[in-house]
Amino acid sequence: MEKSTQRTARLGFLVILGALIFTVTAYLIGQKQDMFRQTFVISVVFNNVNGLQPGNNVRFSGINVGTVLSVEIKSDSVIEVMMRVRESVRPFIKKDAVASIGSDGLMGNMLVNISPGSATVPPVENKDRLRSFSRIKTDDILKTLNMTNENAAMLTSNLLEVTQQIKHGHGTLTYLLYDSTMRQDLTRSIRSLRQAMDQTNHLLAEANGIVEQVEKGKGVVGWLLTDTTTAVHVKTTLANLDKTSARITLASDSLQEFVSRLNHDPGLLNALLRDTTMRTDFQETLRNLNESSVKLNENMEAMRSHVLFRGYFKDKEKKAKTGQKP
Amino acid sequence: MLRHAATSTLLLFKNRLVVLRLLRQFFVTTGQISQFAARYWREVWFPPYEFQELLKQCFLIGNKSMALVGTTGFIMGIVLTLQTRPTLIEFGAQSWMPAMVGIAIVREIGPVLTALICAGKVGSGIGAELASMKVTEQIDAMEVSGTNPFKYLVITRVTATTIMIPVLVIMSDLISLGGSAIVENLKGGVSFTLYFSKVLEFLQFGDLLPSIIKSFFFGFAIGIIGCYKGYTSSRGTEGVGRTANEAVVIASLLVFVLDFIAVLVTDIFYEL
Amino acid sequence: MNSDPQTYSSVVSIRNLHKSFGSNHVLRGFHLDVAAGENVAVMGKSGSGKSVLIKCIIGLEPIDEGQLIVLGKDVPKLSVRELDELRADVGFQFQGSALYDSMTVRENLEFPLRRHLEKIKGYRAEDLVKEALENVGLLNAIDLLPSELSGGMKKRIALARTIIMRPKLILYDEPTSGLDPITAREISRLIVDIQKQYQAASVVITHDLACARITGNRLVILSDGKNYIEGKYEEVERMTDPVVHSFFT
Chain D
1 MEKSTQRTAR
11 LGFLVILGAL
21 IFTVTAYLIG
31 QKQDMFRQTF
41 VISVVFNNVN
51 GLQPGNNVRF
61 SGINVGTVLS
71 VEIKSDSVIE
81 VMMRVRESVR
91 PFIKKDAVAS
101 IGSDGLMGNM
111 LVNISPGSAT
121 VPPVENKDRL
131 RSFSRIKTDD
141 ILKTLNMTNE
151 NAAMLTSNLL
161 EVTQQIKHGH
171 GTLTYLLYDS
181 TMRQDLTRSI
191 RSLRQAMDQT
201 NHLLAEANGI
211 VEQVEKGKGV
221 VGWLLTDTTT
231 AVHVKTTLAN
241 LDKTSARITL
251 ASDSLQEFVS
261 RLNHDPGLLN
271 ALLRDTTMRT
281 DFQETLRNLN
291 ESSVKLNENM
301 EAMRSHVLFR
311 GYFKDKEKKA
321 KTGQKP
Chain Y
327 MLRHAATSTL
337 LLFKNRLVVL
347 RLLRQFFVTT
357 GQISQFAARY
367 WREVWFPPYE
377 FQELLKQCFL
387 IGNKSMALVG
397 TTGFIMGIVL
407 TLQTRPTLIE
417 FGAQSWMPAM
427 VGIAIVREIG
437 PVLTALICAG
447 KVGSGIGAEL
457 ASMKVTEQID
467 AMEVSGTNPF
477 KYLVITRVTA
487 TTIMIPVLVI
497 MSDLISLGGS
507 AIVENLKGGV
517 SFTLYFSKVL
527 EFLQFGDLLP
537 SIIKSFFFGF
547 AIGIIGCYKG
557 YTSSRGTEGV
567 GRTANEAVVI
577 ASLLVFVLDF
587 IAVLVTDIFY
597 EL
Chain P
599 MNSDPQTYSS
609 VVSIRNLHKS
619 FGSNHVLRGF
629 HLDVAAGENV
639 AVMGKSGSGK
649 SVLIKCIIGL
659 EPIDEGQLIV
669 LGKDVPKLSV
679 RELDELRADV
689 GFQFQGSALY
699 DSMTVRENLE
709 FPLRRHLEKI
719 KGYRAEDLVK
729 EALENVGLLN
739 AIDLLPSELS
749 GGMKKRIALA
759 RTIIMRPKLI
769 LYDEPTSGLD
779 PITAREISRL
789 IVDIQKQYQA
799 ASVVITHDLA
809 CARITGNRLV
819 ILSDGKNYIE
829 GKYEEVERMT
839 DPVVHSFFT
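Chains as they are written, first to last, in our numbering: chain D, 1 to 326; chain Y, 327 to 598; chain P, 599 to 847.
A portion of the hints provided could be inaccurate.
Pairs of lysine-lysine residues, derived as DSSO-like cross-links and limited to a Cα-Cα distance of at most 27 Å, are as follows [what the hints assert, rightly or not]: (1) Y:Lys340 x D:Lys3; (2) P:Lys728 x Y:Lys382; (3) P:Lys671 x P:Lys824.
Think of the hints as simulated: they come from the structure by calculation, not from any bench.
Work the whole structure out from these sequences, hints included.
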């Protein structure tokens with residue numbers, strides 16, 4: 001009797017033990033899936049991993065091909081991400097493949113995306129380092145400003161070309177030089193445009209600085225309330241921006257005037273018509289200029305509606321009203 | 327002082343003995359259940375087969391638990407949908423409701439909820455029935471009248487639970503999804519057709535199969551525990567109540583343990 | 599079946615039977631012979647191992663030691679199948695009747711028939727059930743459930759279930775326990791009737807004197823795991839031995 005109980009107890013112990021071992025094994029196998037598969041390791045360096053963690057998926061053209069092995073800080077802005085990737089996809093990942101950090105869906109986990117690279121380049125090897133691509137996080141305002149800047153730059157280069165041609169007196173352009181009024185007009189408009197450009201650039205730099213500070217997150221409201229110097233700075237910046245846009249409008253107005261004069265003066269028109277290059281150049285210049293002024297105005301509107309700057313514009317409106325009254 | 331130390335040491339020693347005895351008791355019970363289950367697998371293959379009794383038990387188990395399982399499943403579907411709706415709406419992801427509820431119910435809630443309810447209802451029923459048969463010598467009477475009571479009582483009941491729990495799980499899944507669809511229909515204006523086609527779109531065979539397989543194990547565990555407890559019940563009528571109680575406790579615990587193991591094992595196959 | 603009464607001298611032959619549960623040594627060298635058609639009443643105090651004795655006879659309890667031959671078969675050495683065959687010829691009346699709660703009286707009676715179809719060849723199960731019920735006088739209870747029966751009726755139904763197999767040996771475990779004296783007497787008389795009608799030998803385990811007197815051709819008193827005294831009821835009653843005397847006072 002006693003002996004059989006002993007045996008039963010031993011059987012029970014073995015059953016429990018077996019179940020435990022089975023469970024642990026199942027867990028381990030589930031954890032280390034890639035344990036049974038041929039893999040290789042590649043690394044990539046980012047300066048911001050946006051919360052990527054070891055264990056996150058690695059995708060190649062949208063297919064899960066591996067997991068993140070480790071995320072290590074190498075220096076203050078260099079973070080090395082090691083990835084374990086299935087051997088079977090190695091031939092498709094070329095040496096010039098680019099890795100980027102993305103997220104899985106709206107609320108999904110972070111992941112590393114690898115885009116294939118060019119077909120002619122040899123495939124990656126174990127312990128290779130891929131190139132990384134970081135998305136520039138920019139505020140909407142900054143983006144629009146940048147575009148304005150680009151447009152303005154294009155504008156100046158076009159104008160420069162025109163003036164160059166005028167200076168060297170190529171072909172029919174020399175006709176234009178006889179008309180002194182027009183020359184003066186042109187010079188004036190170019191000068192004002194240059195000025196406007198300089199100021200816009202200056203402003204851009206300043207706005208960039210501000211946005212950066214905001215992004216660093218000093219607590220936006222707190223920053224606006226406590227740091228009066230900055231507040232003043234913003235105010236002047238915005239005032240300048242306002243002025244610039246007015247200047248550009250002015251410049252474009254004078255150019256418009258010039259063009260309308262051209263239209264009314266048949267001699268001039270004829271002379272210009274013969275040189276088609278110059279005509280298209282001028283038309284493009286004009287269009288660009290218009291566009292840029294529109295952009296700048298848009299900019300102003302955007303800023304006006306921006307929470308941070310709302311106070312300033314209200315002040316300004318109030319001032320304008322009080323200024324009108326007396 | 328010395329005496330105090332001596333008594334406390336003695337107490338400690340006694341306590342350790344108690345722990346050891348409990349541990350031993352645990353192993354003995356596990357061993358006996360294993361032997362019982364092994365006996366089931368040894369005897370289930372050989373005639374005489376009690377088909378009629380098996381059918382009767384299947385019918386009884388299904389019939390007895392259908393209303394309860396259906397009601398709880400229905401409520402679970404409604405509650406789950408109502409509770410998760412605000413969060414999903416916040417993310418603008420209402421259209422994911424069928425997928426979320428479908429996967430939660432089919433993979434986990436349906437099987438475990440049904441198994442727990444059946445552990446309570448069927449497991450205790452079998453335990454109490456067999457225990458009272460044991461106490462009133464009905465099992466002995468069966469044996470002397472030439473019927474193997476293990477085959478007639480245990481094998482039929484364990485087989486019946488093993489077959490019927492998965493059936494009840496599928497039924498519970500469907501009713502849960504129906505409850506969820508009703509909420510979505512009333513609150514979100516989602517048509518039933520859209521709801522179920524969405525569910526079917528997101529659910530894969532790989533979701534359904536493991537949950538059905540684990541339901542078989544749940545059913546087997548519930549049946550074997552109920553039968554073991556009843557069949558080996560100690561004499562006396564108060565033993566019947568205790569047996570039913572123990573059967574529920576052990577079966578419920580076993581359901582969770584099996585579920586845990588099943589999830590770990592399923593995980594392996596998901597990754598492949 | 600080859601178990602013809604002429605081929606063996608006694609229906610039950612027990613020599614030096616030992617049985618213990620753990621440290622509790624219940625039977626220590628019990629002897630008993632039951633002739634064909636004979637009723638033996640076994641009396642003893644509760645816990646003296648009376649019930650264990652008849653459970654050993656039918657193979658419900660394994661024995662530790664000794665010789666146990668029933669209907670010419672060595673019980674401890676029988677296989678499961680042979681034991682089933684033997685049990686078809688041995689009826690067992692349980693103390694608590696042990697009717698199957700979930701079945702009607704008819705199903706209860708049909709239950710033993712399902713496994714021994716060869717024994718009822720040529721008969722319809724329905725007829726056998728009715729005959730057995732008539733013999734215990736409860737034909738009208740055929741479609742009732744056990745829970746609807748009184749204690750005495752349950753004992754009768756259980757008896758009907760035992761005799762439906764036409765056993766050559768019937769073992770009774772406390773057939774009159776829990777019954778009022780009048781019903782108990784009825785049951786005792788029924789046992790005697792059945793003995794006459796079916797020509798079956800019986801072992802009646804009881805602590806009821808009246809039952810032992812009515813049913814027993816012979817009385818055995820079980821004490822300390824042995825058959826303390828054997829003899830006719832009247833002989834045993836007149837003995838002055840203190841142990842025996844304690845049963846009759």
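Each hint tested on the structure:
1. A threshold of 27 Å between alpha carbons decides the hint, and for lysine 340 of chain Y with lysine 3 of chain D the separation of about 24 Å falls inside it, so the pair holds.
2. Proximity of lysine 728 of chain P to lysine 382 of chain Y is assessed by CA-CA distance (about 26 Å); at most 27 Å being required, the pair is judged to hold.
3. Distance hint between lysine 671 of chain P and lysine 824 of chain P is fulfilled; the C-alpha atoms sit about 23 Å from each other, no more than 27 Å.
Hint compliance for this structure: every hint is met.
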